[in-house]
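Participant: Please work from the sequences and hints to get the whole structure.
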Amino acid sequence: MRVQYAVSTLAVGALLSLGAAAHAQQPMTVRAGMLLDGRGGFQRNVLVTIDGSKIARMGDAGAQPGTYDFSRLTVLPGLIDTHVHIGAHFGKDGRASNAGESDGERALFHAENAYTVLMSGFTTVQSIGQPTDVPLREAIARGVLPGPRLLTSVRQLTDTKLAPDQIRQFVQKTVAEGADLIKIFASKSIREGGGQTLTDEQIAAACGEAKAQGKRIWVHAQAASAVRASALAGCTAVAHGSQIGDADADLMAKRGTFFEPNIGLVSQNYIENRPRYFGIGNYDEAGFKFTEDGIPLKLSMFKMALKHKDLKIIMGTDSVAGAHGQSAREIIYRVQVGGQAPMDAIVAATSLNANALALQDRIGTLAPGMEADLIAVDGDPLADITALRRVVAVIKGGAVYRNVAAGR
Amino acid sequence: MLMAGFTTVQSIGAPSDVPLRDAIARGKIPGSRLLTAVDPIRDIAMTLDQIRAHVRKTAAGGADVIKIFASKSIREGGGQTLSDQQIQAACGEARAQGKRVWVHAHSAPSVRASTLAGCTTITHGSQITDAEAQLMAERATFFEPQTGLLLQNYLENRAHFSGGNFDDAGFKFMEEGIPLNDAMFKMTLKHKGLKMTMGTDAVAGAHGQNAREIIQRVKLGQSPMDAIMGATSINAEAMGLSDRIGSLAPGMEADLIAVDGDPLTDITALRRVVLVVKGGVVYRNVVPGR
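Chains as they are written, first to last, in our numbering: chain A, 3 to 410; chain B, 23 to 312.
Some clues are possibly wrong.
[Stated by the list, open to error] Pairs of lysine to any residue residues, derived as SDA-like cross-links and limited to a Cα-Cα distance of at most 20 angstroms, are as follows:
hint	chain 1	residue 1	chain 2	residue 2
1	A	94	B	41
2	B	50	A	145
3	B	50	A	100
4	B	50	A	291
5	B	50	A	104
6	B	50	A	92
7	B	50	A	107
8	A	94	B	26
9	A	94	B	83
10	B	50	A	108
11	B	50	A	93
12	A	94	B	56
13	A	94	B	251
14	B	50	A	391
15	A	291	A	276
16	B	212	B	251
17	B	194	B	174
18	B	50	A	275
19	A	94	B	271
20	B	121	B	84
These aren't lab readings, by the way, just hints derived from the structure by calculation.
Facilitator: Put into structure tokens, the structure is as follows:
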């Protein structure tokens, strides 16, 4: 009975596929010259079999070229960035203020960002987060608009005057709006010194309610006290942490708090695009001075954090307008300037990030049963981490989105 | 549509096409080169001066082409709506502005009037006869019939369209329109001097299936090479872009596709697009059969 049922289902499937992509049912294979599995392992000459959206098998390639022959390339899991602002863009006037834009124009800038990010080898990003992320997430998920898998916080809690009950309501409302996670600001911007803003009680209310709702929570925290309060409140991840010391790194390691420093792209991008930001809000002389001074401070903080072997350092960039598609710069900076081992930096951007997104069963690792999210880069990133910026192929959910000759 | 191998399309047209066109042109969003009519003329109550003013306003607003409706929809019988003078006003003013005009015209009189008015292209033409085909050929008017995708897509997606003139009567007109369009197309093939462009009128549900129109034309008797030229060099000429796109030659934009098979012997190869390069950038490159 069971067998009969399976056979008749197959027959219907075959009929439905006539005239469409009749071949989409057949598995395809990717031959990797070198393969990094995202968990710290690597092998040479691997054949990855992809059936539908998922990896079916992995094994020695022998002399088979595969459907896609990447035998001169390194294949690794699609990269993950835990912190982008996917909607942030320079508008028609070239400025970050986006004056005079229609909703349609804005939506197209967002689509541009999504495409740019996917083509750079990032197959999943978490956006911190605005309401327009929701239709963008759904459009990408429909499979027609090319973009990374998108998670979003929809909005961010910045109001320091909210009572704990109001904070809980904010969390509930944001979850109801379709948020994949909650984002709160527990400290000031680095351009304003970074001091703690929310009280410990407010932080505890937000993180407690998020947990009760089954959602993860990302905390913007520069000051050491804000980081400590967030780690103690059981928040999922702390972003930035520019002013932390050994004790705070230790505390996050002990509490299992994910730590997301941003040292290689966000500040550099602001400075590279200074005229496009200058004069908007806190992007003034004093703000840019904080940003410039922050770069060496964040670097020494990162070197300190690296000594804490149990600390789960994840890879998020805080990409804003001008930075989309350059997320790999954060990884490269961590290795070349920060002194992180290339394999550790890659594991952070793949399996560890998947853990922080609670998607470790689906993405971040190359293994049978996982989504076929994989990229091919020109070179060996273990020997030359800049290979991550030479993305030759991008496959997401088994669909080939990019496949160019190396060097193009 | 880009992934389906169409590297240039002309949209008939909505104001929201303009930011889309510009976003694609910035090169950061994948899409076909886009030309748009922005805001078609449908209002038969407009005076001649109002029509000319609308043409100037649409051109100033960034339109690449002017679109006018000179007849009713096929779902309403397709009879002429704009007067001959109104058609002349639109096509004359567009020419003065250096713009092309696309005329929606089903009935024979509306096609004749548009041709005599020097409009660039007649689209649909479902009710024309030998005489109109001959006239268009003589006047070098581009003719853009639709035989293979538009009505089929409406019928395939009937539930998604119902409402407005997409009622039982409208769908009846469309069902009956398919064999009429086929017969009209076969008749026009006999007019060797007629410049037949390849346009689908693709609406919701049809995007990315544009090649079905070419395939149907070949089934109806057009030679594969003629059908392919209709969709490349002749279309480029109709868009005023023949010095940039529509043929592969040194100096032309590197807009090219690779298909799996020989479309001269099996035209359905056009639906097996494995490679899309637009302006020298590779947008699609998959293994045949994927």
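Participant: Taking the hints in turn, state whether each one holds.
Facilitator: Results of checking the hints against the structure:
no.: 1; hint: A:94 x B:41; verdict: holds (10 angstroms)
no.: 2; hint: B:50 x A:145; verdict: holds (18 angstroms)
no.: 3; hint: B:50 x A:100; verdict: holds (17 angstroms)
no.: 4; hint: B:50 x A:291; verdict: violated (32 angstroms)
no.: 5; hint: B:50 x A:104; verdict: holds (18 angstroms)
no.: 6; hint: B:50 x A:92; verdict: holds (13 angstroms)
no.: 7; hint: B:50 x A:107; verdict: holds (13 angstroms)
no.: 8; hint: A:94 x B:26; verdict: violated (30 angstroms)
no.: 9; hint: A:94 x B:83; verdict: holds (16 angstroms)
no.: 10; hint: B:50 x A:108; verdict: holds (14 angstroms)
no.: 11; hint: B:50 x A:93; verdict: holds (13 angstroms)
no.: 12; hint: A:94 x B:56; verdict: holds (19 angstroms)
no.: 13; hint: A:94 x B:251; verdict: violated (38 angstroms)
no.: 14; hint: B:50 x A:391; verdict: holds (17 angstroms)
no.: 15; hint: A:291 x A:276; verdict: holds (11 angstroms)
no.: 16; hint: B:212 x B:251; verdict: holds (17 angstroms)
no.: 17; hint: B:194 x B:174; verdict: holds (12 angstroms)
no.: 18; hint: B:50 x A:275; verdict: holds (18 angstroms)
no.: 19; hint: A:94 x B:271; verdict: violated (35 angstroms)
no.: 20; hint: B:121 x B:84; verdict: holds (11 angstroms)
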